Amino acid sequence: MTGIDFLSRYGPEMGQRTLEHLFLVAASLGIAIAIGIPLGILVTRLPFLSKPILGFANLVQTIPSLALFGFLIPIPFIGGIGARTAIVALTLYSLLPIIRNTYTGILGVDPAIREAGKAMGMTDWQLLTQIEIPLSLGVILAGIRVATVIGVGVATIASLIGAGGLGDLIFRGVAILDTQRILAGAIPATLLALLADAGLGWLEQQLTVRR
Amino acid sequence: MEPIALQFCDVTYRVNRRTLVFNLSFQVRRGETLVILGRSGCGKTTTLKLINRLLNPTSGEVRVEGVPTSQWQPIQLRRKIGYGIQEVGLFPHFTIARNIGLVPTLEGWHPDRIHSRVLELLAMVGLPLEFADRYPHQLSGGQRQRVGVARALAADPPILLMDEPFGALDPITRLEMQQEFWHLQQRLQKTVVFVTHDIQEALTLASQIALMQGGRMVMQETPRDFLYSPEPEAQAFLKGLQTLKTIDGWLRGEPQ
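Residue numbers (the numbering used here), protein chains in the order written: chain A, 1 to 211; chain B, 1 to 256.
It is worth saying that the hints were derived from the structure and are not from the lab. Everything numeric in this text was worked out from a predicted model, so none of it was measured. Ideal Cβ placement from N, Cα and C applies to all residues, glycine included. Be aware that a few hints might be false.
To be verified - Distance condition first, Cα-Cα at most 20 Å in a straight line; then the derived SDA-like pairs of lysine to any residue:
hint, chain 1, residue 1, chain 2, residue 2
1, B, K239, B, R39
2, B, K49, A, A112
3, B, K239, B, P171
4, B, K49, A, R114
Said to hold, decoys possible - Computed list of chain A residues with no C-beta within reach of chain B, every gap over 12 Å:
hint, residue
5, G30
6, I81
7, L135
Turn these sequences into a full structure, and let the hints guide you.
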């Protein structure tokens, strides 16, 4: 079978599943960023929250992904079958690297620089927005990058709870022992992960402050 | 006599049951340069930070222009007090112009006014004007230090706090900076509190030297009186200078 045959047979479905896959990852990542970065910042301001919040995110990360999807199904509102449940699970998975990197990134800003800003009469908000966030942007972005790559991988399992995505091709291929079908799901998934990794890696480099 | 700009009244600062400074009482008159001299860990930086409320006294009172710091709004107080530290204090992601113009920007000056002030300050500290658009990592240590001084002076604060600002420089650049700072101070007549462990720097810059040891202020003298002080800690510092004299003697061929 040639490449052209392969594409003409699986191409349309590959395209459709890739879009579904992208949607799952992008939606969950967007929510995880919107929740994770503020939480990471909050933890730097209220250190007593660092144990519970980081502990929770850590705990979620240790639950096997298949089990997490399973746990969510019976929960009202966020659970059930389909993309919504998958997005909730993927969001939970993405939280840890984002919260942790925001937290460590901001704490990693040279205390002398923070103190200089404070001594010049900057308010806490000015310190955060003008000094701490810009200086830790590279580290925060590294967290988002890890979360993205994990998300692309875990999202394949989401097909088991009816969320669609490239997992559909893979699991169907596994069920009927069709290697080509498995590849039709696995190759785009791998490419997505590699592209996201390279793209965010490049961005990370652009945003990391030279000293 | 000039009025008193800064006053410590029996100030003690304690943290985690460790007392860092004990019962400090001293004053600085307007336009004076008080150099706080002492070994590492003697409490000199702590003393400095008590002035702009980076730290608050455990007991006693620090008065800035007659008003206890506890009654100052900390942000307002800090913008009135220039603060210069070693080069690490520059913001690496800000251009030199933005670094220097920080306090004026916070104070809401008009951008044109900030721009002209930045150029004026660059000239004042002897840096070429085209440095305005560079970043700190593109400058040498000495140049960064000049930027640090310019930043501290930006909003023309009546009081300047300097925490070993020239500590990271090589000895030659350091000497240059000290001389330039002295000339600048002759012109600007700020009230300066300058922390150092370098006796030579203290003698060059100070109108008063305050010697600290183990969290206490053991003496406050003019540089001239300091040279003749019988105080053992003062003698210990002066020994460094005597070594220099001895070497000078060798070079001139005097008998050892």
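Now for the hints, and whether the structure bears them out:
For the hint linking B/K239 to B/R39, the alpha-carbon distance of about 14 Å falls within 20 Å, and the restraint holds. As the CA atoms of B/K49 and A/A112 are separated by approximately 13 Å, the hinted pair is consistent with the 20 Å bound. For the proposed pair B/K239 and B/P171, the alpha carbon gap of about 18 Å is at most 20 Å, so the pair holds. Among the hinted pairs, B/K49 with A/R114 is consistent with the structure: their alpha-carbon atoms are about 14 Å apart, no more than 20 Å.
The beta carbon of A/G30 sits about 26 Å from the closest Cβ of chain B, which is more than 12 Å, so the claim that it is off the interface holds. Taking the minimum C-beta to C-beta distance to chain B, about 47 Å, the non-interface status of A/I81 holds against the 12 Å cut. Some Cβ of chain B comes within 12 Å of the Cβ of A/L135; the nearest lies about 6 Å off, and the non-interface call is violated.
Checked against the numbered hints given earlier, this structure breaks only hint 7.
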